[in-house]
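Chains as they are written, first to last, in our numbering: chain A, 1 to 113; chain B, 1001 to 1113; chain C, 2001 to 2113; chain D, 3001 to 3447; chain E, 4001 to 4447; chain F, 5001 to 5447.
None of these hints come from the bench; they were simulated from the model.
Treat the hints with care, since some could be wrong.
Said to hold, decoys possible - Below are the SDA-like pairs computed for lysine to any residue, each with C-alpha atoms no more than 20 angstroms apart in a straight line:
| id | chain 1 | residue 1 | chain 2 | residue 2 |
| --- | --- | --- | --- | --- |
| 1 | D | K3218 | D | S3118 |
| 2 | B | K1057 | D | E3179 |
| 3 | F | K5034 | F | K5289 |
| 4 | F | K5034 | D | D3256 |
| 5 | F | K5412 | F | A5402 |
| 6 | E | K4218 | B | D1015 |
| 7 | E | K4289 | D | E3431 |
| 8 | F | K5289 | F | M5331 |
| 9 | D | K3034 | D | G3113 |
| 10 | D | K3289 | F | K5289 |
| 11 | B | K1057 | A | N27 |
| 12 | B | K1057 | A | Y26 |
| 13 | B | K1079 | A | E106 |
| 14 | F | K5289 | E | K4218 |
To be verified - Derived list of chain B stretches under chain A, where covered just means 3 residues or more per stretch with a C-beta under 8 angstroms from a C-beta of chain A:
| id | stretch |
| --- | --- |
| 15 | 1014 to 1024 |
| 16 | 1073 to 1084 |
Every residue, glycine too, gets a C-beta built ideally from N, C-alpha and C.
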Amino acid sequence: MKLIIAYIKPERLRDVKQALYEAQIYNMSVTNVVGSGRQRGFSETYRGVVQEVNLIKKVRLEIGVNDEFVDAARQAIVKGARTGQIGDGVMFVLPVEDAMRIRTGEEGGSAMG
Amino acid sequence: MKLIIAYIKPERLRDVKQALYEAQIYNMSVTNVVGSGRQRGFSETYRGVVQEVNLIKKVRLEIGVNDEFVDAARQAIVKGARTGQIGDGVMFVLPVEDAMRIRTGEEGGSAMG
Amino acid sequence: MKLIIAYIKPERLRDVKQALYEAQIYNMSVTNVVGSGRQRGFSETYRGVVQEVNLIKKVRLEIGVNDEFVDAARQAIVKGARTGQIGDGVMFVLPVEDAMRIRTGEEGGSAMG
Amino acid sequence: MIKRVIAAFMALMGSGLALAGNALAEEAAKEAPKISDMDTMWVLLAAYLVFFMQPGFAMLEAGLTRAKNACNILAKNFMDFSVASLVYFLVGYAFMFGDGNSFIGLKGFGLMGLEDGSLPVWASWMFQAVFCGTAATIVSGGMAERTKFTSYLVFTAVLTAIVYPIIGHWTWGGGWLSEMGFFDFAGSTIVHGTGGWVALVGTLFLGPRLGKYSVDGKANVLAGHSLPLAALGVFILWFGWFGFNPGSQLAASGVDNARAIALITINTNLSAAAGAVAAMSVVWMIFGKPDLSMTMNGALAGLVAITAPCAVVSPFASIVIGLFAGLIVVMGVTLLDKLHVDDPVGAIPVHGFNGMWGTIAVGIWGQKALGLANDGLLHGGGFTQLGIQIMGTVACAAFAMACMAVVFAAVKAIIGLRVSVEEEIRGLDIEEHGMEAYSDFQIFTTR
Amino acid sequence: MIKRVIAAFMALMGSGLALAGNALAEEAAKEAPKISDMDTMWVLLAAYLVFFMQPGFAMLEAGLTRAKNACNILAKNFMDFSVASLVYFLVGYAFMFGDGNSFIGLKGFGLMGLEDGSLPVWASWMFQAVFCGTAATIVSGGMAERTKFTSYLVFTAVLTAIVYPIIGHWTWGGGWLSEMGFFDFAGSTIVHGTGGWVALVGTLFLGPRLGKYSVDGKANVLAGHSLPLAALGVFILWFGWFGFNPGSQLAASGVDNARAIALITINTNLSAAAGAVAAMSVVWMIFGKPDLSMTMNGALAGLVAITAPCAVVSPFASIVIGLFAGLIVVMGVTLLDKLHVDDPVGAIPVHGFNGMWGTIAVGIWGQKALGLANDGLLHGGGFTQLGIQIMGTVACAAFAMACMAVVFAAVKAIIGLRVSVEEEIRGLDIEEHGMEAYSDFQIFTTR
Amino acid sequence: MIKRVIAAFMALMGSGLALAGNALAEEAAKEAPKISDMDTMWVLLAAYLVFFMQPGFAMLEAGLTRAKNACNILAKNFMDFSVASLVYFLVGYAFMFGDGNSFIGLKGFGLMGLEDGSLPVWASWMFQAVFCGTAATIVSGGMAERTKFTSYLVFTAVLTAIVYPIIGHWTWGGGWLSEMGFFDFAGSTIVHGTGGWVALVGTLFLGPRLGKYSVDGKANVLAGHSLPLAALGVFILWFGWFGFNPGSQLAASGVDNARAIALITINTNLSAAAGAVAAMSVVWMIFGKPDLSMTMNGALAGLVAITAPCAVVSPFASIVIGLFAGLIVVMGVTLLDKLHVDDPVGAIPVHGFNGMWGTIAVGIWGQKALGLANDGLLHGGGFTQLGIQIMGTVACAAFAMACMAVVFAAVKAIIGLRVSVEEEIRGLDIEEHGMEAYSDFQIFTTR
Ligand SMILES: Nc1ncnc2c1ncn2[C@@H]1O[C@H](COP(=O)(O)OP(=O)(O)O)[C@@H](O)[C@H]1O
Ligand SMILES: Nc1ncnc2c1ncn2[C@@H]1O[C@H](COP(=O)(O)OP(=O)(O)O)[C@@H](O)[C@H]1O
Ligand SMILES: Nc1ncnc2c1ncn2[C@@H]1O[C@H](COP(=O)(O)OP(=O)(O)O)[C@@H](O)[C@H]1O
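Take these sequences, add in the hints, and give me the full structure.
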């Protein structure tokens, strides 16, 4: 079992969700984050001041998947999120030792799906 | 050391907190998330349009614990969060390699508590 | 590769960012959280009622780094976040199995930097 | 089916027609030489300002409650004014100002058969209707965040159709209190007191919000979700009060009226300012920090308190009345919390306690020279007026509470007063209205 | 360079001077004995209230759209009124009220050469200018969240400089519709209809917002980001309408005017209340929950509908008109969603449909006794007035839509009407204005 | 203890009584045949509108600053008006309008001994008090997000009790500037200039907000947290200005006054519109995007600039004055940022720079035919009036800055002007007031 954490552009969320659905991955959690990566912020003007915003708004996805779904999930994320422009984001795959569905008490792989 | 990540219904947070307190687990971090799982959203009406909301508001708990507290924490979460209805959520247990308390510099297990 | 998760005081974010920059760590993601730790909340008054706030606003940093940067990152966080007062926060180091840059498809260590 | 609809349609139209025909025919029949155009203009403008207090209350109440209940409180504010407008037109005004006995008016339903005075009856109605709406809306704040929407609609209708009009009749409609010399210029007791005391009964029937008081009895903070909205609301109310009090002179023509409305204006403003300063100072001294929401309640307290005496006291007295009002509101909020009476926006101390205080203050600082029946206590008039004032304000409060207690009990028995625990935790917006106030924001619904 | 600047400066000044000189000289030449000071005061105060409808619209439109587009809609609201003020001063008022033919006025550009009537021409202009601004601002709501800012500026200028003034001229400027006996007291058709129908054409040119309709044709919710702001907007509009309708009497002096403005006031209020109650009831019955945003649209619908007939119908008729308005708005919103016409704030059903409904209602409940040319259908006047009303409102709507269709087509061809898909997803605030409405908050920009 | 309290109570009451007694007795003694009821009504209504500018400022200032300081700025807005009301009643009005010398008035403390003119003295006071409150509130914006609350209270009291009244006395109280023919119709210099220049001194004493300027001198954005609130504020201010300028005619009866208030109204509106358009255009040309907050400042700039000349210039001139105002405000904001003067809401360019600009504009476009002492430069009057105007506005600015510099220095030395670094980062709401503005939302406090 793995936890995939992906940071993507907010405007790509719809497409990522769509791609995940197509890969039959329906379970996920989404948070707003601000982040900095290779894309070092863009500049805004406000009241005549040019601002280099260093932390940019991103969306963070967490997807707990069984090992066999990891590749499908990664591909779906890339498919939905890649624009080829700087700021597309990164994803990390973390090991998960245990998972549990609160309602049913199911554990392990079957809690993921 | 483990990091327990649990996604629960917002209205259960009080009870989960209470159950954790009773299990002498006082340290945690809470974020708002929106998520989708087995519960595929509910329908809202707004201006005469019926909407199937796909990402539902949830609360995400992160609890860093020493290995011996993992079970107590899991039980407390289930106790507080389970309603038996769809949408109760899931929890993941992730391995933590190291922990450190910033104020004191304590490392490992003693940083958790 | 590791994922460092740190919970710090919001007012220290600037300094932590600065310290990380100095350690040549530019990539990170930031979320707002509320948390409880050793510091069990402070009291507010509102309309004549004294309130013990149990979940305090914190900022959560996620920094994905290659193994050789872990120490530098930790030191930078301590440098920026430590005030010596209760509530300075904690950090966890989690193992990362894989990382991928969405734009380029780079994997592993080179996706981190 | 279509025939049925057309028939119903025609019936509706017909009735509208017939009623309107009567009304207008009658009105055409009488000449109206007494109408003062200037007074009409003044009263209409004042009515508009008082109408504007509706968003003032709406913003204040929404701002001081939680985000998850914002749509609900807003919907209540729209509905109480809308319902009040309709029922007060159909029956309320007749009960309040129609010919009748010293307890209740009995003529003029739908304004039919009423004659113009120095104001067209339509202008009088409008001015009175916005007052009626104010009394209703005060209740929504005190009972916020847990009252069922349907129940709210029911008891609001009863309050504005019957209870408030009867109380109003006693003083402004020429009823028994006016015969006794009771003086309540713009409604400290009649409007605000009624709203505040009904809110008290309502909260007692409802019980406190979930989580407001811990098991050990400690009061918890359930902080308002938008102090800027609340502040806007208070400023709007202060603004609207310049219609409420000076407008209640019901005339602006001639030197005497000009001086009166000027005096009323400055008294209103000074009392509000004094209330704000006093409340902030008191809360600062007691709790160590100048609480904004309490300061705002202080301004409102000053406004409520000066509402009864504004025409018959001096500016200096107004300042003193406002200072006490600020003190009373802080003490009142604290007291209610001790008693576990959960009033989210402070409706009871602001409108109930200070409505009473202002009414009594007439008996202390009121001046015969300014038109009061007897000089107040501090002007050598002894306890006569003071006694009448106390009697009047207590009578109105008691009547309002008694009537509405019956209504609340009935509603509770039949449809229930309070939403379910689940609903209360998730928020009334989702459960009662199926929508959220702030869709684009992540809000804490867990408090 | 500096010389150039100075020269330009001097030219500007000079022209200002010359023009102003002319204007003032001319005005000084004529004596103005007809001016009524009281009417002037009334109309100015009413104009201020109508101006205040601008923030009403701004808050309503901002509240009912998404947070990522809030700056954009606010900027549009500032600009449409500002631009309308300038062009309506320079040319619009002349087209509308200047001497000319029965289609268009042709004198009085920059107000030059116009004579004072019972009101100073400046007061008349101000009152009319805020009406013009209202018509313009209605469009911004219907076309919200996807229209290019520059394009918006262009067609707003055309609308307020030419199209609206021509339509206004037909009725209020003594044009062909007024000659035929068409009656639109305060502009159900002229102001609101124009705004609403232009919004319809605009949305048809634009197409729906991204994500509003699924591939399978299902309508999705793109919920407004701040219902409290929207509610504030509606209350402000209701308040401002007390300038809109009673102010349109253009006089307050004398008993007749006093009665008229009082009647108009109460009719306005009752129709709004009835609209709110009806819309809430209907949406509750159909969709199971009392939707707040629909209730608010219901109040506005009642206000729009009573705008034409408010001076010539009875209070009872006003209630009935408002009830139908509430029904129409709910049906209208639902209908438009079925037709995939995406109108984020309900501008078309509120202002278009109900503008038409109100205008027609004149022909049903209007009364000769109150000053209408013919009695309405239900007062035994037969179909005469009703026919004229229908003809007039259709003519205005058709003209407005035809003219603006040409303008929209031209703008679309030359600079484009709609922002790019990227921009629409990220929000117009960042892309068009380089700023965010809520910097300190985490908002969802992904809906 | 209880005795002590009762004694204190009695003393308070007694003094209220005695003072009031005197005041009222005196007033009763004189007959008041000169009072115009219509003028009184006009001025009171205008005063209400000007009062309403308070929430306008409050929303503007709160919206343009960060969420973590919202309660603080709101509390300041409540307190400055409340404190101003009280001290201006007790002493300020006497310094400003009481008999005295050409520098300061010295009679009429607590309004005692003042005679009614064409307005009841109470009405005059009210109108002037809201102006005084305006001057005070401007300062809070410029010094926002870092000023200690107690310090703010202290210097606001001094400003409204002494400094502003003295400056006002010079022109409106019959002092030396009025003797010289200085003309400032509604207070571009007296009200807005005073507020703006004092804000300048204040920010210089305070220094910029933390993080506003980088070590390398680059200015950073500390964006406002709610542009919708700020926009609402600007619209409210625009609305309130229709009380500010037309109300300053102090009369509405008779044909001349009717024409005057109509002219003032349209000039006010046109200048605001021109200011908004100009500011947006300029910022668009320079920075590539039409910045909303700058557009809003442009509208305010136009309003401030036309405040002095509105009664004595033509509508065309008003447009030109507004256009320059829009330009000036953009340049001013940019200039101040270059100079590292940190003025979060633009109080200095809007009220200071444009107050000066408007006052000078009187000397350029002012017309003798409209009541000015000399024709302005472009009307062939040469430099006479222009010179006086420059002199007057500089004198007032210098005096305001000098006096308040002393006050700021004293406050800084004794209680400190600025909050601690810790407090500034965490936000003034938590530290100074112990509460949050938006409890239910997650806000970034880290900027
Ligand atoms: N090492 C990292 N640790 C944590 N978050 C990261 C890291 N690298 C990138 N991110 C997140 O991903 C977002 C996009 O990264 P960025 O480097 O701009 O993408 P790209 O390289 O495709 O342009 C950042 O804003 C940040 O939120
Ligand atoms: N595999 C997963 N990865 C990430 N988040 C998940 C996953 N499964 C569930 N969640 C989170 O848990 C929430 C509740 O899940 P759900 O499946 O509805 O619970 P239940 O199965 O008890 O009905 C979701 O809204 C989502 O936020
Ligand atoms: N075991 C834990 N699991 C999750 N979050 C934690 C844990 N311990 C601390 N935190 C987070 O860190 C924050 C600060 O912790 P705290 O114990 O107050 O620090 P300190 O010990 O330095 O005073 C908490 O508010 C919480 O958000």
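Evaluation of the provided hints:
Between K3218 (chain D) and S3118 (chain D), the direct Cα distance comes to roughly 56 angstroms. Violation of the 20 angstroms bound is thereby established for this hinted pair. Distance restraint check for K1057 (chain B) and E3179 (chain D): the Cα-Cα separation of roughly 60 angstroms exceeds the 20 angstroms cut-off, and the hinted pair is therefore not satisfied. A hinted pair counts as satisfied when its Cα atoms are at most 20 angstroms apart, and K5034 (chain F) with K5289 (chain F) does not qualify at roughly 56 angstroms. Of the pairs offered as hints, the one joining K5034 (chain F) and D3256 (chain D) holds, with about 12 angstroms between alpha carbons and a cut-off of 20 angstroms not exceeded.
A C-alpha spacing of about 15 angstroms is found between K5412 (chain F) and A5402 (chain F), which places the hinted pair at or below 20 angstroms, so the restraint holds. Proximity of K4218 (chain E) to D1015 (chain B) is assessed by CA-CA distance (about 38 angstroms); at most 20 angstroms being required, the pair is judged violated. This hinted pair checks out: K4289 (chain E) and E3431 (chain D) have alpha carbons roughly 9 angstroms apart, not beyond 20 angstroms. A threshold of 20 angstroms between alpha carbons decides the hint, and for K5289 (chain F) with M5331 (chain F) the separation of about 16 angstroms falls inside it, so the pair holds.
For the suggested pair K3034 (chain D) and G3113 (chain D), the alpha carbons sit about 17 angstroms apart, so the restraint of at most 20 angstroms is met. Note on K3289 (chain D) and K5289 (chain F): the hinted pairing is violated, with a Cα-Cα distance of about 42 angstroms set against a maximum of 20 angstroms. Between K1057 (chain B) and N27 (chain A), the direct Cα distance comes to roughly 13 angstroms. Compliance with the 20 angstroms bound is thereby established for this hinted pair. A threshold of 20 angstroms between alpha carbons decides the hint, and for K1057 (chain B) with Y26 (chain A) the separation of about 16 angstroms falls inside it, so the pair holds.
Restraint check for K1079 (chain B) and E106 (chain A): satisfied, since their Cα atoms lie roughly 15 angstroms apart, inside the 20 angstroms limit. The suggested pairing of K5289 (chain F) with K4218 (chain E) is violated, with an alpha-carbon distance near 36 angstroms, which exceeds 20 angstroms. Under a criterion of three residues with beta carbons nearer than 8 angstroms to beta carbons of chain A, the stated coverage of the stretch 1014 to 1024 of chain B fails, only 0 such residues being counted. For the stretch 1073 to 1084 of chain B, the assignment as covered by chain A holds, since 7 residues bring a beta-carbon within under 8 angstroms of that chain's beta-carbons and 3 suffice.
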